[in-house]
Amino acid sequence: MPLSDVRKPSEQLGERIPVLPIRSTVVFPSGATALQIGYAPNVEALNAHPEHELIVAIVSTLDESQDIPPRTLEKVATAVRVLERLNLPGGTIQTTLQGLKRIHLDDVRFEDGYYTARPRAVEEVPLSAEDAEPVVERILTAVTGLAARVDRIPDEVPRILRMNLGDPGRFADLAATLCNLKLPDRDAVLGALDVGRRLALVQAALESAWERAREVEAAVAPAEPAATGAEPPRSGPARTAELRRRIQALQAELGEVDPLEREADEMLRKLEMARLPARVAAVARREAERLRSSSTSAQEASELRTYLEALISVPWNKRAGDGRIQLAEVEKAFHEEHLGMDESKQRLLEVLAVAELRNDLRGPIPCIVGPPGVGKRTLAAAIARGLGRPLVRLELGGRGEGQLFGTRRTRAGAQVGKLMQAIADCGVKNPVFLLEELDEAGLGNVEGDPVEALEEALDPENRDEFVDRYLDVGFDLSEAFFIGSAGDFYRIPRDLRDLFIEIRIAGYTPEEKIAIARDWLFPRILQEHGLSTEEVSIADETLLFLTRGYARDAGVGNLRRSLAAVMRFIARQKAEQRATEWAVTREMIEEVLGYPRWAATMAESQPEVGVVTGLAWTASGGELMFIEALKMPGTGRLVITGLLGDVMRESVNAAYSYVRSRAEELGIPRETFGEFDIHVHFPVGATPKDGPSAGAAVTLAIASSLSDRPVRHDFALTGEVTLRGKILEIGGVKEKVLAAYRAGITKVILPTGNQRDVREVPADVRERMEFFSVERMDQVFDLALLGDVPGLAPVAVHGDGPHPIRPAERQAAGEADR
Numbered sequence: 067m068p069l070s071d072v073r074k075p076s077e078q079l080g081e082r083i084p085v086l087p088i089r090s091t092v093v094f095p096s097g098a099t100a101l102q103i104g105y106a107p108n109v110e111a112l113n114a115h116p117e118h119e120l121i122v123a124i125v126s127t128l129d130e131s132q133d134i135p136p137r138t139l140e141k142v143a144t145a146v147r148v149l150e151r152l153n154l155p156g157g158t159i160q161t162t163l164q165g166l167k168r169i170h171l172d173d174v175r176f177e178d179g180y181y182t183a184r185p186r187a188v189e190e191v192p193l194s195a196e197d198a199e200p201v202v203e204r205i206l207t208a209v210t211g212l213a214a215r216v217d218r219i220p221d222e223v224p225r226i227l228r229m230n231l232g233d234p235g236r237f238a239d240l241a242a243t244l245c246n247l248k249l250p251d252r253d254a255v256l257g258a259l260d261v262g263r264r265l266a267l268v269q270a271a272l273e274s275a276w277e278r279a280r281e282v283e284a285a286v287a288p289a290e291p292a293a294t295g296a297e298p299p300r301s302g303p304a305r306t307a308e309l310r311r312r313i314q315a316l317q318a319e320l321g322e323v324d325p326l327e328r329e330a331d332e333m334l335r336k337l338e339m340a341r342l343p344a345r346v347a348a349v350a351r352r353e354a355e356r357l358r359s360s361s362t363s364a365q366e367a368s369e370l371r372t373y374l375e376a377l378i379s380v381p382w383n384k385r386a387g388d389g390r391i392q393l394a395e396v397e398k399a400f401h402e403e404h405l406g407m408d409e410s411k412q413r414l415l416e417v418l419a420v421a422e423l424r425n426d427l428r429g430p431i432p433c434i435v436g437p438p439g440v441g442k443r444t445l446a447a448a449i450a451r452g453l454g455r456p457l458v459r460l461e462l463g464g465r466g467e468g469q470l471f472g473t474r475r476t477r478a479g480a481q482v483g484k485l486m487q488a489i490a491d492c493g494v495k496n497p498v499f500l501l502e503e504l505d506e507a508g509l510g511n512v513e514g515d516p517v518e519a520l521e522e523a524l525d526p527e528n529r530d531e532f533v534d535r536y537l538d539v540g541f542d543l544s545e546a547f548f549i550g551s552a553g554d555f556y557r558i559p560r561d562l563r564d565l566f567i568e569i570r571i572a573g574y575t576p577e578e579k580i581a582i583a584r585d586w587l588f589p590r591i592l593q594e595h596g597l598s599t600e601e602v603s604i605a606d607e608t609l610l611f612l613t614r615g616y617a618r619d620a621g622v623g624n625l626r627r628s629l630a631a632v633m634r635f636i637a638r639q640k641a642e643q644r645a646t647e648w649a650v651t652r653e654m655i656e657e658v659l660g661y662p663r664w665a666a667t668m669a670e671s672q673p674e675v676g677v678v679t680g681l682a683w684t685a686s687g688g689e690l691m692f693i694e695a696l697k698m699p700g701t702g703r704l705v706i707t708g709l710l711g712d713v714m715r716e717s718v719n720a721a722y723s724y725v726r727s728r729a730e731e732l733g734i735p736r737e738t739f740g741e742f743d744i745h746v747h748f749p750v751g752a753t754p755k756d757g758p759s760a761g762a763a764v765t766l767a768i769a770s771s772l773s774d775r776p777v778r779h780d781f782a783l784t785g786e787v788t789l790r791g792k793i794l795e796i797g798g799v800k801e802k803v804l805a806a807y808r809a810g811i812t813k814v815i816l817p818t819g820n821q822r823d824v825r826e827v828p829a830d831v832r833e834r835m836e837f838f839s840v841e842r843m844d845q846v847f848d849l850a851l852l853g854d855v856p857g858l859a860p861v862a863v864h865g866d867g868p869h870p871i872r873p874a875e876r877q878a879a880g881e882a883d884r
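Residues in the sequence shown are numbered consecutively from 67, following my numbering.
No wet-lab data here; the hints were simulated from the structure.
It cannot be assumed that every hint is accurate.
Stated by the list, open to error - Using 30 Å as the maximum straight-line C-alpha spacing, the simulated DSBU-like pairs for lysine-lysine come out as follows:
| id | residue 1 | residue 2 |
| --- | --- | --- |
| 1 | Lys-167 | Lys-141 |
| 2 | Lys-167 | Lys-398 |
| 3 | Lys-336 | Lys-384 |
| 4 | Lys-813 | Lys-755 |
| 5 | Lys-248 | Lys-141 |
| 6 | Lys-697 | Lys-792 |
| 7 | Lys-484 | Lys-336 |
| 8 | Lys-813 | Lys-792 |
| 9 | Lys-484 | Lys-640 |
| 10 | Lys-336 | Lys-398 |
| 11 | Lys-755 | Lys-697 |
| 12 | Lys-411 | Lys-495 |
| 13 | Lys-384 | Lys-484 |
| 14 | Lys-167 | Lys-248 |
| 15 | Lys-411 | Lys-398 |
| 16 | Lys-398 | Lys-384 |
| 17 | Lys-495 | Lys-484 |
| 18 | Lys-384 | Lys-495 |
| 19 | Lys-141 | Lys-336 |
| 20 | Lys-167 | Lys-384 |
| 21 | Lys-411 | Lys-484 |
| 22 | Lys-792 | Lys-755 |
Stated by the list, open to error - Simulated restraints, written as ranges between beta carbons of each label pair:
| id | residue 1 | residue 2 | range |
| --- | --- | --- | --- |
| 23 | Asp-525 | Ala-478 | 27 to 35 Å |
| 24 | Gly-387 | Glu-150 | 22 to 30 Å |
| 25 | Arg-477 | Thr-444 | 36 to 44 Å |
| 26 | Ala-478 | Glu-375 | 13 to 21 Å |
Glycine is no exception: its CB is placed at the ideal position from the N, C-alpha and C atoms.
Given only the sequences and the hints, what does the whole structure look like? Please build it.
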């Protein structure tokens, strides 16, 4: 029967319980005692109940007679469990007893050769640690002084007592036991149900013992030098020990407490109440004992206090929730917080399902990848809410190893790492832990390599023994649910990337942004600005204007900021009582935000010679990339501008060479290449650009400029081109297609190898767009250059599968553009 089961003795112990009167000692709760049982009724009681782990009542008595009156035993006793018993010669039984709790004995009877009683539960009157602290300090001071003067109290007793400061009642019981108080004093302590009175009894008994020790010392002091004929030690360790003993004795006599002693005792009390794991408690007690040393400097004492406070603040055993993974609750939280993103939600639920089946969280870590403002952080928050755990965030960008995982205490300014500090702040050991900016880890001028330390901390095999450099003790991270977030998954260092599963969020369509703004953003922003839906309204057409003109990014960050700016404008009008109702209009938006940031360009409004709409992938999502090629009199030079990387410059050179090889088919006279220069420019020149996926767009721009044929403005394209004109597949199709859709472009040319990627595009976007799948550059010329250009028949992808476009359809489209 565990100790926690002994709650109501009248129910757990039965109606009657064997009683063992003891004359030699008092057994207190929560302690183990070895005791020889020789009193005949007690031996009979044990023999009559041979069952394993028998529970009996131990009660002290001062009656020396063989027949103890039962009425004198009706008082507070201790319910104990008989753990071991061994029959000794002479009828004695050697026992090991475990104290359980105080009970009161009623209706004590002597029958069948031993005593029995009816147990009754008792209610103790507790005392807070703050109220108990002054008395506890005086008891510790007295015990320390007595241990220095009398032999019956071992020197280690004060240290043992200081390790048990968390519970004042248990401290009083332990002090009464270890200090060998007289039997009546110990019995009085056992019978005191008020913890405050219990401590006072211990203090009074110790002070009485102190007075007796002083009287004995005074009586023998004059004769001591003559009797011993020895001088007291005057130097060395013996002299130091003697002086420290005298200091302790004087402090006990004056009832004073050394400040270092008080501080160490207070720290030990906190450690006891913190219920630290055994290995951590051992380290903490060792450091707390160092505070007592007279050689401890003020700076060292401050460092010790800081270290111990850090140890105590860590939630070594505290958890949130019941530890179970409720997939239904997480899915519900997803739908309440997010619109769309069905694929990302399903991937996250699959990871959680695996963790539920494995009954641990040691599997690969999900990494949510996407541009800013798409909801990476709120997805993690929804998971935390569904699991009933707090969310902890840790930004990795620009932080060194010491900042993240602590610095050694031997270094100046040492401190606990951000990871452990975040866990300490949340108060539980199993939070949902969001590691932000994984692709920025280790970049910049940081001290130490945080990537290697991250790999060590997140490795499933090492996660249960994570060691912060400052704390220098192992902490179990295996119960925390880690989630990563990044803008570019492939910028995460490779070894670290192997620990994660990529879950990509491409961004939102304008229709999704409108729905998010109407159902989620707009009501919350109104509330934040002291407004209501009864006072302010906005039409979907206005939200579309706001989305296309001011918030064309992949996420909803710009949309939120734009709406907030308009609401501040209205809030001022409300504060000045200019009106009571407002309808947000285009004119109001332009008055507050200025002219639209994104306006229709020439490439979007009409066909242009040498101007092509390309598609690019960035960490912020897909973007349009307008490529311009200009023919001018010269000597055949190729000029390239626009802050390009080496790969893109090589791609432009390859495109120019391919156009020269196809000059006859494109209708370009050969002398053109010697009499004209070609300048290829990538606008927004301050933005770095690199990669081969603009090859098809560059080739089309050069061909358009040299052949003087305009390019269709309603097409956007992407793809890498070889010197032979083959178009190779590229990445980021979903992001690029969504960027085209947000800009109002509905026709996209893609490499044939990317047909499978079209399935990742949201179904409503696929229905509104037309996809053209091409294998060679000739097909691109045939599709996008206006005029009769010979080439191969292209293939279009509509929704689920490809099919050829009939020549009549291409001719009609070309005539319409003309």
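Is it true that Gly-387 and Glu-150 lie within 22 to 30 Å of each other by Cβ?
violated (41 Å)
Fill in: Satisfaction of hint between Lys-384 and Lys-336, Cα-Cα up to 30 Å
Holds, at about 16 Å.
Problem set entry | Straight-line alpha-carbon gap Lys-336 to Lys-398, limit 30 Å | violated (41 Å)
* Would you check the hint for Lys-411 and Lys-398, treating anything up to 30 Å between C-alpha atoms as holding? => holds (11 Å)
- Taking 30 Å as the top limit, are the C-alpha atoms of Lys-411 and Lys-484 close enough? holds (29 Å)
- Can the restraint linking Lys-697 and Lys-792 be considered satisfied, given a maximum Cα separation of 30 Å? holds (25 Å)
| Lys-813 and Lys-755: Cα distance at most 30 Å? | Measuring from Cα to Cα gives roughly 24 Å; hence the hint holds.
**Message:** Next pair to validate is Lys-484 with Lys-336; report whether the Cα-Cα distance is within 30 Å.
**Reply:** holds (24 Å)
- Would the pair Lys-384 and Lys-484 pass a check requiring their Cα atoms to be no farther apart than 30 Å? holds (19 Å)
Are Lys-167 and Lys-248 close enough, with their CA atoms no more than 30 Å apart? holds (21 Å)
Q. Hey, Lys-484 versus Lys-640, does the alpha-carbon distance stay inside 30 Å?
A. Status violated; Cα separation ~44 Å.
**Study point:** Given pair status - Lys-336, Lys-141, alpha carbons within 30 Å
**Key:** Judged against 30 Å, a Cα distance of about 34 Å means the pair is violated.
Comparing the model with each earlier hint shows violations of hints 2, 9, 10, 19, 24; every other hint is respected.
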